[in-house]
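Engineer: Spelled out, the chains give:
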Amino acid sequence: EAGVTQFPSHSVIEKGQTVTLRCDPISGHDNLYWYRRVMGKEIKFLLHFVKESKQDESGMPNNRFLAERTGGTYSTLKVQPAELEDSGVYFCASSQAVASETQYFGPGTRLLVL
Amino acid sequence: AQSVTQLDSQVPVFEEAPVELRCNYSSSVSVYLFWYVQYPNQGLQLLLKYLSGSTLVKGINGFEAEFNKSQTSFHLRKPSVHISDTAEYFCALETGNQFYFGTGTSLTVIP
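The listed protein sequences correspond, in order, to chains U and D.
The opening residue of the first sequence carries number 1 in my numbering; numbering runs sequentially from there.
The opening residue of the second sequence carries number 115 in my numbering; numbering runs sequentially from there.
These aren't lab readings, by the way, just hints derived from the structure by calculation.
A portion of the hints provided could be inaccurate.
What the hints assert, rightly or not - FRET-style restraints, in silico, Cβ to Cβ:
#1 U:38 <-> D:115: 18 to 26 Å
#2 D:140 <-> U:20: 32 to 40 Å
#3 D:126 <-> U:39: 41 to 49 Å
#4 U:38 <-> D:131: 42 to 50 Å
#5 U:2 <-> D:220: 27 to 35 Å
#6 U:17 <-> D:193: 47 to 55 Å
#7 U:59 <-> D:144: 36 to 44 Å
#8 U:16 <-> D:169: 33 to 41 Å
#9 U:27 <-> D:211: 39 to 47 Å
#10 D:191 <-> U:9: 43 to 51 Å
#11 D:153 <-> U:38: 32 to 40 Å
#12 U:41 <-> D:126: 41 to 49 Å
#13 U:22 <-> D:154: 18 to 26 Å
#14 D:186 <-> U:68: 45 to 53 Å
Virtual Cβ for every residue (Gly too), placed ideally from N, Cα, C.
Bound-form chain U, shown alone (with noise of 0.2 Å):
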């Protein structure tokens, strides 16, 4: 069974320019999450799609990100325009059910905004 998987694995993009992640969850999976962290902080929750619906997005930074998962299978995240804080690495999980389910990461990736 593959796992979740995540491209690009690394972006190296200059302030102001538009970059856009993607997220494939393990198959079945309805439930998808977003996280990132900074560098020597904590991961932290950014949304989560339930299907193809938006059930938390309440970890969002701001409105430079949109999150959408057409058909309710994979997902992208976007960040436009880009900023030198949005620099981290960005997490997908999935998982089958929601609570007290183990979510399943993808590897994640790796965004630094020069």
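Starting from the known structure of chain U, fit chain D onto it as the hints suggest.
Structural biologist: Just chain D now, with coordinates in the frame of chain U:
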């Protein structure tokens, strides 16, 4: 508000020695507790989780953790570490369908 504290950012330990990685949490409601491990260039993998029942939880790779409600702790232990245990370890709690992570502990096993 919920939070997780991992006081030790880096823990060096000699091979075959025991190790304890500390985790304390704060929550006003019931929580589920997890330990994840991240090996270089890989995603986070679940080591173990506490949902209810026995406070001593055994996980993969010989790790175990003990839930202590009075001390609000969930420390991770292994009696004898291997070189392959070198990785970053994250403690997390889940409540209200949200995960809250600590800042991580980097475990380095020295030959």
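Engineer: Each hint should be assessed against the structure and marked as holding or not.
Structural biologist: Now the hints, each set against the structure:
1. U:38 <-> D:115: 18 to 26 Å: holds (19 Å)
2. D:140 <-> U:20: 32 to 40 Å: holds (36 Å)
3. D:126 <-> U:39: 41 to 49 Å: Roughly 21 Å apart at Cβ, these two residues miss the hinted range, so it is violated.
4. U:38 <-> D:131: 42 to 50 Å: violated (32 Å)
5. U:2 <-> D:220: 27 to 35 Å: holds (28 Å)
6. U:17 <-> D:193: 47 to 55 Å: holds (50 Å)
7. U:59 <-> D:144: 36 to 44 Å: violated (21 Å)
8. U:16 <-> D:169: 33 to 41 Å: For residue 169 of chain D against residue 16 of chain U, whose Cβ atoms are near 51 Å apart, the range 33 to 41 Å is violated.
9. U:27 <-> D:211: 39 to 47 Å: violated (22 Å)
10. D:191 <-> U:9: 43 to 51 Å: Since the Cβ atoms of residue 191 of chain D and residue 9 of chain U sit about 33 Å apart, the hinted range of 43 to 51 Å is violated.
11. D:153 <-> U:38: 32 to 40 Å: Cβ of residue 153 of chain D to Cβ of residue 38 of chain U: about 21 Å, so the range 32 to 40 Å is violated.
12. U:41 <-> D:126: 41 to 49 Å: violated (22 Å)
13. U:22 <-> D:154: 18 to 26 Å: holds (22 Å)
14. D:186 <-> U:68: 45 to 53 Å: violated (38 Å)
When held up to the earlier numbered hints, the structure conflicts with 3, 4, 7, 8, 9, 10, 11, 12 and 14 and fits the remainder.
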